[in-house]
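Enquirer: I would like the entire structure built from these sequences, with the hints used as guidance.
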Amino acid sequence: MPLLPEDKNSSLFQPVGSTVEAIAHAETTNDAPDSANTQANDEPQVVQEIESLCMNCHENGTTRLLLTSIPYFREVILMSFSCPHCGFRNSEIQPASEIQEKGSLYKFQVESKEDLNRQVVKSESCDCAFPSISLEIPHQRGQLTTVEGLLTEVVEDLSQSQPVRKYTEPEAYEKIEAVLTKIQEMIDGTVFPFEVIVDDPAGNSWIELSPGESHEKWSKTEYFRTLQQNETLGLVNADRDAEEVEQDSQQDADGQQTAPISNDEVHTFQATCPSCLRRCDTHMKLVDIPHFKEVVIMSTACDNCGYKSNEVKTGGEIPPKGKRITLKVDDPEDLARDILKSETCALTIPELNLDLTAGTLGGRFTTLEGLLREVYEQLDTRVFNETSDSMDPERLERWRTFLQGLQDAIDGKRVFTLILDDPLAASYLQNVYAPDPDPNMTIEEVERTAEQNEDLGLNEINV
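Under the UniProt record's numbering, think of the first position of the sequence shown as 1, with each following residue one higher.
None of these hints come from the bench; they were simulated from the model. Don't be surprised by glycine CBs; every beta carbon is placed ideally from N, CA and C. Among these hints, one or two may not hold up.
Label pairs and their computed distance ranges (CB to CB) [said to hold, decoys possible]: (1) Glu59 <-> Ile133: 18 to 24 Å; (2) Ile318 <-> Thr401: 52 to 58 Å; (3) Val179 <-> Glu59: 35 to 41 Å; (4) Asp408 <-> Val432: 18 to 24 Å; (5) Ala172 <-> Glu59: 35 to 41 Å; (6) Cys57 <-> Thr232: 28 to 34 Å; (7) Lys175 <-> Leu65: 40 to 46 Å.
Straight line, CA to CA, 30 Å or less: simulated DSSO-like cross-link-like pairs of lysine-lysine [said to hold, decoys possible]: (8) Lys328 <-> Lys313; (9) Lys293 <-> Lys182; (10) Lys308 <-> Lys107; (11) Lys328 <-> Lys220; (12) Lys107 <-> Lys323; (13) Lys293 <-> Lys313; (14) Lys293 <-> Lys328; (15) Lys182 <-> Lys220; (16) Lys217 <-> Lys182; (17) Lys102 <-> Lys313; (18) Lys217 <-> Lys313; (19) Lys107 <-> Lys285; (20) Lys308 <-> Lys285; (21) Lys107 <-> Lys175; (22) Lys166 <-> Lys220; (23) Lys220 <-> Lys313; (24) Lys323 <-> Lys220; (25) Lys323 <-> Lys413; (26) Lys323 <-> Lys313; (27) Lys102 <-> Lys217; (28) Lys308 <-> Lys220; (29) Lys217 <-> Lys107; (30) Lys113 <-> Lys220; (31) Lys217 <-> Lys285; (32) Lys321 <-> Lys293; (33) Lys308 <-> Lys175; (34) Lys107 <-> Lys182; (35) Lys107 <-> Lys313; (36) Lys217 <-> Lys293; (37) Lys285 <-> Lys313; (38) Lys321 <-> Lys217.
Expert: Have a look at this one:
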């Protein structure tokens, strides 16, 4: 029976732990008698070797390819080249999946020596930054490394020309030496905390996550690529697409009239796909939420690239204060409550060590059970990889405990506290006792912080 595509993919991209064991077994087999070697040769090779041209001496060298999967992330291809003639060596990592619909930006606070060992997948389109020392690492070859590895490589690169620079450019030498001293202090663990930023327009880079980590320590934000970023990734022809977008906008301005939005019909209008920048249809409907406000539910589908999205937008003026909604969920019926989580809303469940940053999952209008189930599916399928035997046993057990606790909450078997913190007060949780107060729910107004006002762009508004 031929393998299905999924079966082929799973057989090719084995977890790192399984791959290491297979390589060790292959090396042991090679030392065994010839009969054992004959049997081993019938099995597929773990590491593929290809004869390649050396770009240093233009003789033939060897490229070794390893297809593997990284826990909590996705499939990757590890490549290593060596030339026996000139000794040139090179290694890099390539994503085995397609460019994602959105770019990704990770922020991670390094607070201890242990955090320096966090794995980092840095694709060839990824930029890394350490804001505390104004250090930026531009996109170059792909790497599978750690936070310490990133810093060590910077030290090695900057140190190479320092002996010459000391006499030819004394001023530059002193400045670079000061930077090298700061970086070495970060590597030695004498300067904590500091932040690492990994920004990849292709969405194929990553920083390792530990279960139950707060969004102040680890956060991920997805964003739509700009036209220039799409051009850099080879997704669009910038000149042609910019011209088409301008023509489409002019046609819309000349040929369409603004129609009033009513509650009893779905409106469809043409827009630009944020992924491929082609024309696509966006459907919009106005929904009146009792005891809250009117919201707009929007759905976009692109026939050209297959991009799909569903969003909920709230209207009205920006309130002077944010809003924090706290609900004690002690009855399975509470899971059926309607909930509107806006894009600016952070969600926290202290009992489960669940902390979702603003922007995670986007805007959602669903039930409490539906929202928790979506969180579970996202973590279970995209972050946690139960089939991997390369995980640290302690971390594996923490993940299992965390996901089991979340599943118990979805099934109504656990009492927990839900906290919605929205600086724009654009989120909503159904009050089943309305118009009377809900004894299990508290709603309070909170002052926005200066950082929240800056992130929301409110400091630039002049009235």
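Enquirer: Which numbered hints are broken by the structure, listed smallest first?
Expert: Failing hints, ascending: 1, 2, 9, 19, 22, 31, 33, 36.
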